[in-house]
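Q: Protein sequences appear in the order of chains A and B. By UniProt numbering, the letter at position 27 of the first sequence is numbered 27, and the numbering carries on one by one without gaps. By UniProt numbering, the letter at position 367 of the second sequence is numbered 367, and the numbering carries on one by one without gaps.
If you are wondering where the hints come from, they were derived from the structure by calculation, not from laboratory data. Where hints are given, some of them may not hold.
Unchecked claim - No farther apart than 20 Å at their CA atoms in a straight line, the calculated lysine to aspartate or glutamate pairs in the EDC-like style are these:
id: 1; chain 1: A; residue 1: Lys-80; chain 2: B; residue 2: Glu-81
id: 2; chain 1: B; residue 1: Lys-172; chain 2: A; residue 2: Asp-76
id: 3; chain 1: B; residue 1: Lys-132; chain 2: A; residue 2: Asp-99
id: 4; chain 1: A; residue 1: Lys-86; chain 2: B; residue 2: Glu-215
id: 5; chain 1: B; residue 1: Lys-174; chain 2: A; residue 2: Glu-84
id: 6; chain 1: B; residue 1: Lys-496; chain 2: A; residue 2: Asp-99
id: 7; chain 1: A; residue 1: Lys-114; chain 2: B; residue 2: Glu-386
id: 8; chain 1: B; residue 1: Lys-61; chain 2: B; residue 2: Asp-46
id: 9; chain 1: B; residue 1: Lys-148; chain 2: A; residue 2: Glu-132
id: 10; chain 1: B; residue 1: Lys-278; chain 2: A; residue 2: Glu-65
id: 11; chain 1: B; residue 1: Lys-174; chain 2: B; residue 2: Glu-120
id: 12; chain 1: B; residue 1: Lys-144; chain 2: A; residue 2: Asp-76
id: 13; chain 1: A; residue 1: Lys-86; chain 2: B; residue 2: Asp-53
id: 14; chain 1: B; residue 1: Lys-64; chain 2: B; residue 2: Asp-53
id: 15; chain 1: A; residue 1: Lys-80; chain 2: B; residue 2: Glu-101
id: 16; chain 1: B; residue 1: Lys-465; chain 2: A; residue 2: Glu-132
id: 17; chain 1: B; residue 1: Lys-148; chain 2: A; residue 2: Asp-116
id: 18; chain 1: B; residue 1: Lys-496; chain 2: A; residue 2: Glu-102
id: 19; chain 1: B; residue 1: Lys-174; chain 2: A; residue 2: Glu-134
id: 20; chain 1: B; residue 1: Lys-174; chain 2: A; residue 2: Asp-99
id: 21; chain 1: A; residue 1: Lys-80; chain 2: B; residue 2: Glu-151
id: 22; chain 1: A; residue 1: Lys-131; chain 2: B; residue 2: Glu-436
id: 23; chain 1: B; residue 1: Lys-465; chain 2: A; residue 2: Asp-76
id: 24; chain 1: A; residue 1: Lys-86; chain 2: B; residue 2: Glu-152
id: 25; chain 1: B; residue 1: Lys-141; chain 2: A; residue 2: Glu-134
id: 26; chain 1: A; residue 1: Lys-80; chain 2: B; residue 2: Glu-157
id: 27; chain 1: B; residue 1: Lys-172; chain 2: A; residue 2: Glu-134
id: 28; chain 1: A; residue 1: Lys-86; chain 2: B; residue 2: Glu-151
id: 29; chain 1: B; residue 1: Lys-172; chain 2: A; residue 2: Glu-65
As the list claims (entries may be wrong) - Covered stretches of chain A (in silico footprint by chain B; criterion: 3 or more residues with CB under 8 Å from a CB of chain B, positions within the stretch not fixed):
id: 30; segment: 56-62
id: 31; segment: 65-73
id: 32; segment: 122-130
Since the model is a prediction, treat every value here as computed from it, not as a measurement. For glycine and all other residues, C-beta sits at the position ideal for the given N, C-alpha and C.
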Amino acid sequence: MNKGTGVGTGPTAAAAAAAAQKQKTMMQRVETDIANIVDNFTQLVNVARVNDPPVRNSQETFMMEMRAARMVQAADSLLKLVSELKQTAIFSGFASLNDHVEQRTNEFNQQAEKTDRMLARIGEESAASLKELESHYYSSAQRTADTE
Amino acid sequence: MDGNLEISLDKLPVKRLDAIEENGAERYPPDSSYDEKRVSLIRRIDFAWAVEDDEERERKKKQKKSSKDASLTWQWQSMVENLQLAHQELSVIIDLINTVEANDAVTVAGMTRPKPLPNEVLSDLAVCAATKLQCYRQLGKYFKQSAKGFEEQIAREARFYGALIRLQQNWKVKRQRVAAAASSNEGFTIDLFDNSLYDLAAMCRPSSLSTIRVEHDSAGMLAINLPPNSCRSLHFGFLGVHSADIPKNMSKIKTRGSVEQRPRESEKESVSDDDYVKETHSLLREVHQSIFNDQVFEMLNREAFNQSVGVNVTGIRENYLQLSIGQGNTLFISLVPSNKGDSQDSGDTQNIESAIVPSHSFVTGKKWVFPNRTSCEIYLQQIVHENAFVKEKDKPNLSGTQASAQSGKDEPSLLGHFCLSLAHRIFSSRVLTELENVVCRVPYLHLMTHPTWHSRTSSWTIFMKVPQSILHAESRSPKSDLQNMKNSIKSQFCTKVVVNDDRINVEGEGAPNVVGLFKSSENVCSVNKYECDLADLPVIILLQVASQVICWLHEEALTVGIKTNRDFLCLTFELEQGENVSLVAHVNPGDIKGGISWWLVMEDGFAEDWKLQMDMHDGASDYRKFLGHLTLDVLYSTLMDLVSMCGGSRNH
Chain A
1 MNKGTGVGTG PTAAAAAAAA QKQKTMMQRV ETDIANIVDN FTQLVNVARV NDPPVRNSQE
61 TFMMEMRAAR MVQAADSLLK LVSELKQTAI FSGFASLNDH VEQRTNEFNQ QAEKTDRMLA
121 RIGEESAASL KELESHYYSS AQRTADTE
Chain B
1 MDGNLEISLD KLPVKRLDAI EENGAERYPP DSSYDEKRVS LIRRIDFAWA VEDDEERERK
61 KKQKKSSKDA SLTWQWQSMV ENLQLAHQEL SVIIDLINTV EANDAVTVAG MTRPKPLPNE
121 VLSDLAVCAA TKLQCYRQLG KYFKQSAKGF EEQIAREARF YGALIRLQQN WKVKRQRVAA
181 AASSNEGFTI DLFDNSLYDL AAMCRPSSLS TIRVEHDSAG MLAINLPPNS CRSLHFGFLG
241 VHSADIPKNM SKIKTRGSVE QRPRESEKES VSDDDYVKET HSLLREVHQS IFNDQVFEML
301 NREAFNQSVG VNVTGIRENY LQLSIGQGNT LFISLVPSNK GDSQDSGDTQ NIESAIVPSH
361 SFVTGKKWVF PNRTSCEIYL QQIVHENAFV KEKDKPNLSG TQASAQSGKD EPSLLGHFCL
421 SLAHRIFSSR VLTELENVVC RVPYLHLMTH PTWHSRTSSW TIFMKVPQSI LHAESRSPKS
481 DLQNMKNSIK SQFCTKVVVN DDRINVEGEG APNVVGLFKS SENVCSVNKY ECDLADLPVI
541 ILLQVASQVI CWLHEEALTV GIKTNRDFLC LTFELEQGEN VSLVAHVNPG DIKGGISWWL
601 VMEDGFAEDW KLQMDMHDGA SDYRKFLGHL TLDVLYSTLM DLVSMCGGSR NH
């Protein structure tokens with residue numbers, strides 16, 4: 001995964017180097033964690049054999065607990081790595097973000113234009129209604145009767 | 001041991017001859033070493049008693065078992081007995097070993113573990129296997145617990161990031177790497193500052209609400225916490241009409257200081273998240289509006305300190321600006337916290353509503369209406385938004401005036417334009433009131449409003465329409481087509497009233513001017529245009545209308561072939577006997593019955609006869625007769641009567 005993959009013109013050399021380094025670091029972390037999990041689980045399976053001396057079994061019990069804790073720690077580290085990748089994907093997807101922003105901008109502009117047209121239409125209809133009402137009122141017999 | 005004591009007798013430790021050989025040599029038994037003596041002594045210890053005791057115990061146990069078969073036995077009884085026996089044996093062996101070691105004569109050469117029996121081996125193996133199985137089961141539980149915790153964490157993160165992604169669609173979300181060792185989560189903030197401020201970027205400082213921190217609540221969902229009373233709204237009103245202390249209550253969106261947490265059930269989680277995101281959107285929008293209001297008020301404050309047309313600051317304090325807009329009207333603009341409106345009771349709300357409704361004040365019989373407060377607020381925000389937040393190329397023309405803050409001295413700024421607009425609205429409402437008063441009292445006048453869509457210009461037209469009955473009568477009379485056409489054109493007279501800011505322009509036809517004086521025979525109703533003030537407006541209108549009536553009557557007389565002399569408000573007929581009869585219009589704005597009344601004035605000849613017949617109630621001249629407030633029909637009839645009296649003066 002490259003940071004800033006959506007940038008059209010490409011990142012600068014320093015940013016590209018930093019991105020490559022970060023990718024390498026993440027891969028190492030992934031490999032370390034997975035190797036950790038596999039090794040510890042292998043050891044857990046290997047000590048399943050029942051030995052004669054009870055003392056050895058006690059030793060193996062403690063060792064199994066320790067390896068299980070290591071496995072869980074490696075899994076937690078992997079989850080954090082995944083979380084970090086999610087954040088990077090959310091905040092580095094510039095192409096999709098820009099597209100979405102442009103889309104929303106167009107939508108809002110269209111809505112603004114539509115609102116303006118609606119307001120203009122309302123104004124025109126109000127003016128026409130006002131004119132009609134005034135004409136009716138001043139021509140009506142009621143107004144004539146009131147003035148008389 | 002038994003109660004009886006057994007005694008064993010040993011031989012005396014005397015060397016006894018073992019054998020004598022034939023040669024007479026005596027053979028004695030060899031001397032035993034000290035160790036051999038100790039060993040022999042040890043071997044002489046009789047453990048039979050212990051063995052017998054054990055056998056007796058076993059027999060007794062068997063007897064007990066047989067006797068106690070009917071009752072329940074403890075399941076661990078046999079194990080306990082075995083352990084006790086083992087403990088005994090171990091005690092004996094330990095004592096023996098200690099004794100041997102204490103005597104230093106005998107040492108333990110070696111101990112060999114007895115070969116375990118098959119059942120013992122199997123039992124040991126079973127115990128170990130069970131222990132290991134238990135250990136694996138505990139590991140399994142631990143893994144399940146951890147997995148559950150991870151799943152919950154994933155679910156929380158999914159909800160958090162899902163909500164954050166949806167917020168990111170409408171808002172600018174930034175992330176800041178927090179150097180906190182406790183958690184590896186980065187800090188997210190939402191930037192609400194509008195960097196599209198074209199003219200105000202160098203002037204406005206970012207509000208404290210521009211950056212909002214996104215936090216996690218107890219359920220892992222994102223939460224936005226705002227300090228109370230942080231959102232502010234613009235409050236506008238007219239001093240004396242609206243109270244400056246009553247906060248605005250126009251917003252229908254409920255304002256909150258922070259998004260409340262609601263208990264969510266697992267099956268309704270998705271629906272609640274959507275509503276939660278919508279509420280967060282609304283909250284951010286309120287903050288955005290509050291920031292905009294702050295920017296508007298700051299801009300207004302800055303413009304208030306610059307001299308500009310229409311701006312007259314009469315009071316200023318924190319978050320409060322008071323301006324005078326002329327004609328004794330004062331407005332105020334203030335910033336108030338938005339939460340105040342939510343905490344009011346219904347009774348206070350009614351008072352607010354009554355204050356918001358445009359009020360009517362009656363002063364000396366006149367009434368005027370203040371513009372709606374909400375519409376003024378919207379207008380203020382709209383002009384600021386259009387002229388300060390829109391880029392230069394898209395900037396619309398602000399009603400014919402430059403609204404830039406850096407405008408010239410003669411052109412009003414935004415605030416000046418706003419004040420002038422409000423002043424115009426108030427003034428135009430007064431003008432309209434006066435016009436309506438005039439038109440209502442004169443039946444043949446029609447008022448028509450012309451929306452100009454300009455905030456500082458208003459226009460009306462007063463029509464004087466010739467009744468249709470007169471027009472129909474004329475159309476039936478045998479006249480030339482040209483005459484009919486001319487009459488159809490003159491079926492109505494217009495007087496246009498245009499108000500620009502506080503200047504009234506009246507434009508109308510009918511009133512004679514210098515040009516008309518030199519054109520005696522033509523039907524000239526010249527168009528005049530002049531300015532007047534509000535107090536003189538009714539008089540001006542009535543004069544204009546009266547002159548239009550005179551003009552119309554003059555034209556009608558000409559149509560029937562009668563030559564008349566037209567003065568400003570007087571139409572003179574020359575009778576057969578050489579006398580002149582004048583129809584004179586009298587204008588009185590204060591006349592409730594009608595603004596225009598008519599008089600009939602006689603000159604010469606009949607003056608003495610009129611003295612005896614005239615009603616002298618008002619002290620008028622004897623040769624004047626008050627006709628009253630006549631309609632156009634009656635005026636036309638009067639005209640025809642006068643025409644009939646004009647016999648020899650017909651002009652064919």
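Q: Now, for every hint given, state plainly whether the structure supports it.
A: Comparing the hints with the structure gives:
Proposed proximity of A/Lys-80 and B/Glu-81 is contradicted: the alpha carbons are some 58 Å apart, above 20 Å. At roughly 30 Å between alpha-carbon atoms, B/Lys-172 and A/Asp-76 are farther apart than 20 Å, so this suggested pair is violated. Distance hint between B/Lys-132 and A/Asp-99 is unfulfilled; the C-alpha atoms sit about 59 Å from each other, more than 20 Å. Proximity of A/Lys-86 to B/Glu-215 is assessed by CA-CA distance (about 18 Å); at most 20 Å being required, the pair is judged to hold.
Of the supplied pair hints, the one linking B/Lys-174 and A/Glu-84 holds, its CA atoms being roughly 15 Å apart against a limit of 20 Å. About 54 Å separates the Cα atoms of B/Lys-496 and A/Asp-99, which puts this hinted pair outside 20 Å; it is violated. Taken as a hint, the A/Lys-114 and B/Glu-386 pair is honoured in the structure, with Cα atoms around 17 Å apart against an allowance of 20 Å. Of the pairs offered as hints, the one joining B/Lys-61 and B/Asp-46 is violated, with about 25 Å between alpha carbons and a cut-off of 20 Å exceeded.
As the CA atoms of B/Lys-148 and A/Glu-132 are separated by approximately 73 Å, the hinted pair breaks the 20 Å bound. Between B/Lys-278 and A/Glu-65 the CA atoms are separated by roughly 46 Å; this puts the pair beyond 20 Å, and the hint is violated. At roughly 70 Å between alpha-carbon atoms, B/Lys-174 and B/Glu-120 are farther apart than 20 Å, so this suggested pair is violated. Between B/Lys-144 and A/Asp-76 the CA atoms are separated by roughly 14 Å; this keeps the pair inside 20 Å, and the hint holds.
Taking the CA atoms of A/Lys-86 and B/Asp-53, the gap is near 80 Å; set against the 20 Å cutoff, the hint is violated. Taking the CA atoms of B/Lys-64 and B/Asp-53, the gap is near 16 Å; set against the 20 Å cutoff, the hint holds. Between the alpha carbons of A/Lys-80 and B/Glu-101 the distance comes to roughly 66 Å, so the proposed pair goes past 20 Å and is violated. Distance restraint check for B/Lys-465 and A/Glu-132: the Cα-Cα separation of roughly 16 Å lies within the 20 Å cut-off, and the hinted pair is therefore satisfied.
Between B/Lys-148 and A/Asp-116, the direct Cα distance comes to roughly 55 Å. Violation of the 20 Å bound is thereby established for this hinted pair. The suggested pairing of B/Lys-496 with A/Glu-102 is violated, with an alpha-carbon distance near 49 Å, which exceeds 20 Å. Only pairs whose Cα atoms come within 20 Å are accepted, and B/Lys-174 paired with A/Glu-134 is rejected, the gap being roughly 58 Å. At most 20 Å may separate the alpha-carbon atoms for a hinted pair to count; B/Lys-174 and A/Asp-99 meet this at roughly 18 Å.
The straight-line distance between the Cα atoms of A/Lys-80 and B/Glu-151 is roughly 13 Å, inside the 20 Å bound, and the hint therefore holds. For a cut-off of 20 Å, the pair hint linking A/Lys-131 to B/Glu-436 stands: about 15 Å separates their Cα positions. Taking the CA atoms of B/Lys-465 and A/Asp-76, the gap is near 90 Å; set against the 20 Å cutoff, the hint is violated. Pair hint A/Lys-86 plus B/Glu-152 holds up; C-alpha atoms about 17 Å apart against a cutoff of 20 Å.
Distance restraint check for B/Lys-141 and A/Glu-134: the Cα-Cα separation of roughly 86 Å exceeds the 20 Å cut-off, and the hinted pair is therefore not satisfied. Between A/Lys-80 and B/Glu-157 the CA atoms are separated by roughly 10 Å; this keeps the pair inside 20 Å, and the hint holds. For the hint pairing B/Lys-172 with A/Glu-134, the CA-to-CA distance comes to about 51 Å; that exceeds 20 Å, so the pair is violated. About 16 Å separates the Cα atoms of A/Lys-86 and B/Glu-151, which keeps this hinted pair within 20 Å; it holds.
For a cut-off of 20 Å, the pair hint linking B/Lys-172 to A/Glu-65 is broken: about 46 Å separates their Cα positions. For the segment 56-62 of chain A, the stated coverage by chain B is satisfied: 3 residues place a CB nearer than 8 Å to a CB of that chain, which reaches the threshold of 3. Counting residues of the segment 65-73 of chain A whose beta-carbon sits less than 8 Å from any beta-carbon of chain B gives 4, enough to reach three: the coverage restraint holds. A stretch counts as covered by a chain when three or more of its residues have a beta carbon under 8 Å from one of that chain; for the segment 122-130 of chain A and chain B the count is 4, and the coverage holds.
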